[in-house]
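Chain B: place on chain A using the hints.
There are 2 protein chains.
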Amino acid sequence: MNDIKPAKSPLLPEPTLRRLPWYLAIVSTMRKAGIEFVSSTRIAEESNVDASQIAKDLSFLSIKGKTRIGYEVASLEKELREFLGFMESHRAIMVGSGSLGAALIHDSGLQRYGLDIVAGIDVDPSLVDSEIAGIHIYHPDDMERVITENTVTIGIIAVPANSAQDMADRLVEAGIKALWNFTPRRLRAPKDVVITNTSIYSHLAVMYNRLHQQ
Amino acid sequence: MNDIKPAKSPLLPEPTLRRLPWYLAIVSTMRKAGIEFVSSTRIAEESNVDASQIAKDLSFLSIKGKTRIGYEVASLEKELREFLGFMESHRAIMVGSGSLGAALIHDSGLQRYGLDIVAGIDVDPSLVDSEIAGIHIYHPDDMERVITENTVTIGIIAVPANSAQDMADRLVEAGIKALWNFTPRRLRAPKDVVITNTSIYSHLAVMYNRLHQQ
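Chains as they are written, first to last, in our numbering: chain A, 2 to 215; chain B, 2 to 215.
The shape of chain A in the complex, shown without the other chains:
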């Protein structure tokens, strides 16, 4: 049982992959508003991305726009959702279920975008064997077993920065294929392990600096 389809998608440039969810949000809003067709010019206005860039980004999909009519909104939405992997179920474990980890477990948006958090891990005795939003929290001693039993492929790291690399090493050892790192520590892992960094606090640093210019 593996939820990851083998080599379905082409290797896309990261900027394209980051923009496609913007287009998805736009066409999703349009579909709900009853709009049937959309041109790349219209998506350009809504997204502040060049129309030619949008056409290029969408060319990775199998859907084609019609001259003068554009893309069929509902089909484009469905195809984007499938293409981005949001329709599949990717099993993940939340390593560190304190403040930020618990927050992410609570975010039902992740589920809608194809991320299925099957368990949480924490050292805090008051959390171990409790449930957060219906997700069971285990002690780190049980981590490898939980990963194997649930064929988990993604490890989300939300532990204190000084434990991040240790947990990453254990996750990789246990067979995890991707690490989603929410700590400000850069992680080392073998080349075949995907590392995605979401440095919320780094974004704060950028925002503060820009604010201080005003």
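To be clear, the hints were calculated from the coordinates, so they are not data collected in a lab.
Only true hints are included.
Simulated pairs of lysine-lysine, DSS-like, Cα-Cα distance not exceeding 30 Å: (1) A:K67 <-> A:K33; (2) A:K192 <-> B:K57; (3) A:K57 <-> B:K192; (4) B:K79 <-> B:K67; (5) B:K79 <-> B:K33; (6) B:K57 <-> B:K79.
Nothing here was measured: the structure is a model prediction, and the numbers come from that model.
Just chain B now, kept in the frame of chain A:
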């Protein structure tokens, strides 16, 4: 009463601003481990960033490393924290206090990094006038008043994508100086308003695509 210091920091390149919090996490771990001095070579090993790049990034700070000894760990940590604005208090309002918004309100890490969420906003009648982690949730009708009364400078947007631009417009109108956008919608705002995008779901799209290559 304004928590934002005027033009204190120089305008830094965004990549530098994103890396500085990594170094902070590293030296913070070292200080807790009782390490007194650190070289840029040592930070390089921990961060996977070039030692020369690290020296360049740290040259924006007033602290100087000593030949053969390196930087004093505790001073470097303190200076990074101050330089990045993490020691100040930046008042923010959470617009959209549902799943992701509530999650972010719960994350005490934001407070430690200088973000003071003073109120939440939501349309949901079951949330209005409730409290999430001690933060009062108001109806959108009260948003402008809450911003003015609390001299809020940062608007965090965690509403459904189709309301994001409307809320952004109202925030800007109410005098907000920075928008932290967690929705997949790109926002338009006047040039003097800082926009920071944290597209958690875009990161998922990148991760899934890379996973499918394996």
